[in-house]
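Protein chains: 2
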Amino acid sequence: MRKVYNFNAGPAMLPEEVLKQAQAEMLDWHGTGMSIMELGHRGHEFKEVAEQAEADLRELMAIPMHYHVFFLAGGASTQFAMVPLNLLNGKGTADYIETGVWSKKAVTEAQRYGNINIAAKTAHRNHLAYVPPQEEWSLNKEAAYVHYTPNETIDGIEFHWVPRTGDVPLVADMTSNILSRPIDINDYGIVYAGAQKNVGQAGITIVIVREDLIQEPLPRTPTLYAYKTHAEHHSFYNTPPTYSWYITGLMLAWLKRQGGVEAIYKINRRKADTLYNVIDTHKDFYICRVEPSYRSMQNVMFYLHDEKLTPRFLEEAAKRNLLNLAGHRVSGGVRASIYNGMPEEGVNLLADFMQDFVKRQG
Amino acid sequence: MRKVYNFNAGPAMLPEEVLKQAQAEMLDWHGTGMSIMELGHRGHEFKEVAEQAEADLRELMAIPMHYHVFFLAGGASTQFAMVPLNLLNGKGTADYIETGVWSKKAVTEAQRYGNINIAAKTAHRNHLAYVPPQEEWSLNKEAAYVHYTPNETIDGIEFHWVPRTGDVPLVADMTSNILSRPIDINDYGIVYAGAQKNVGQAGITIVIVREDLIQEPLPRTPTLYAYKTHAEHHSFYNTPPTYSWYITGLMLAWLKRQGGVEAIYKINRRKADTLYNVIDTHKDFYICRVEPSYRSMQNVMFYLHDEKLTPRFLEEAAKRNLLNLAGHRVSGGVRASIYNGMPEEGVNLLADFMQDFVKRQG
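So the protein sequences, as listed, match chains V and D.
Each step along the first sequence adds one to the number in this note's numbering, with nothing skipped, and position 233 is 233.
Just so we're on the same page, this note's numbering is the position in the second sequence counted from 1, plus 362.
Only chain V is shown next, with the shape it has when bound in the complex:
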């Protein structure tokens, strides 16, 4: 059992087992007498780590061989530029679905490279946020791609369905929900995700790209921003972030030991349901401002009806070692980020505390 439960939106909790393994191997990885961070990236030891991580990811997500898998330095913000730089050449226009802060950031960056059409936006009814159904979207059949953010961490809005874009490739920023639930990778042209929420530490981004989307990028695209560079060099064009790759590898192995994505999904679903049940049971006290069918399984975002009580709520939670529950500075409220690394007991303790807090105000 961990001493504290960290509900931060990311970087976020990692399983104790993963941290203990990293600790045990810190000075001597597999009998080499060296830390994995001291080993050359082109040596057979790190190659083994890198290849195992890719194999485990392919297995967990059932990624066919006509998709490339890259492990790239930097966060998902690199992809806000790389996606348009690599896909807009010869097309010049793309569709974006704007459902929160992160998809807006992706739009702003993409607008520097081409004509960006906002095909749909978050809407509200009865003061609850939702995403309009696809029939109401203004998709452009000539678009180079459709970009969306299946989970928005700040407002706690998540898609529980996959847009159908026909021949136009679908691009998804899965930074906050990769490997949290089963997906069919064949629905996507590109999936990318910074590792620091569900699958490791900050500093590395997984990018899964369908082979036909490895194209000639726009002129003057930096070499490291061209997917074709990474396809040719298998993520080894230059020194990759070896230790971050290793930690992601440990997380992937841990996910396999949990029983894979189906198994972790059941746990994640249960974790989220536990918290939303408390909110709905005490709906005169707590409110979630997202329609039930768009509530995030990753970031349970809610408010206290009496917002003056929020600071006390956060303070008392912290005394019970339930940490970093404050909502984002733009949204306020309370946010419980419960990614793969958050153990069920942490969520149960939070649920107990939420109920107890209601009673004590009564």
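Please keep in mind that the hints were generated in silico from the structure rather than gathered at the bench.
Ideal placement from N, C-alpha and C gives every residue a C-beta, glycine not left out.
Take the hints with a grain of salt, since some may be wrong.
Per the computed footprint, the stretches of chain V lying under chain D, defined by three or more beta-carbons under 8 Å from a beta-carbon of chain D, are [stated by the list, open to error]: (1) 39–47; (2) 106–120; (3) 178–187.
Use these hints to put chain D onto chain V, whose structure you have.
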């Protein structure tokens, strides 16, 4: 004492003290009950780590406040593009000094963004490599900057003097010799260095930029490739590689405990002299193909006169736990990379082995 000595060109050895501290703090950083890799990048805990690392770097290198210090995701190859993208706007031309594989890579990337003039190249006399003196360089007074690579890891060539470029800013790729010796930062417009050789692990690059060089970049420069983005957001535009930053912080604190750059320079000088002395003493057996005044203090590159003996040399060294001494695949020979993290006892063991190997062939 380490069990093995890793002479890899990078990622490279880290001091045992640094690894032990990282190990001890893995599950509980400073009593938080969390790993530093689990902590939010905008929380006060990581801010403390980040600010201390910057303060220590500024102290160690005596960096004045009119220089920005960035800690950026990715390796030095990012800077091969960022330097021209940020400095060529309105100028269009830059001078490069080509002294090996790394400076050539910088040239190739820069040529995509402007007119690049190779102002000087490595030359040879008596089969030994050297860099022509500055009087023989064809510098252009209108250049946006002069770029050079003070240490080239593959051929083992290092500048022991600083080019004087007047009003034209000098840009240095110090990936393989940052913090190995004292420098006067005022001689430079920009200094950059991937951390994985002298100051941490792969995945983070230190970039030191004089304030007046924070300029409007070329059109369509990705947001994360613009120095002004990082100047405005102090390296926190997006989630930085927090754990890599932390490890660099531990290295910087360790360097301070060694007595700073002057003290580590004495040790590094002694380490290199020890190996070059063996080479020169046994000059019928070993040969260094670099002029003495350009021999690298970081990468001691040499050949056995009888090249057929090289595989046996490497094999026997490995049996003594002196590892990864093979030269780069393009150069062959033997290369001992002896950065800050390589302890003196490792170098002494290698020197003993080199002498012993000569005797046993005699």
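Inset, instruction - Check each numbered hint from earlier against the structure, then list the numbers of those it violates in ascending order. - result: Going through the list in order, the structure violates hint 3 alone and respects the others.
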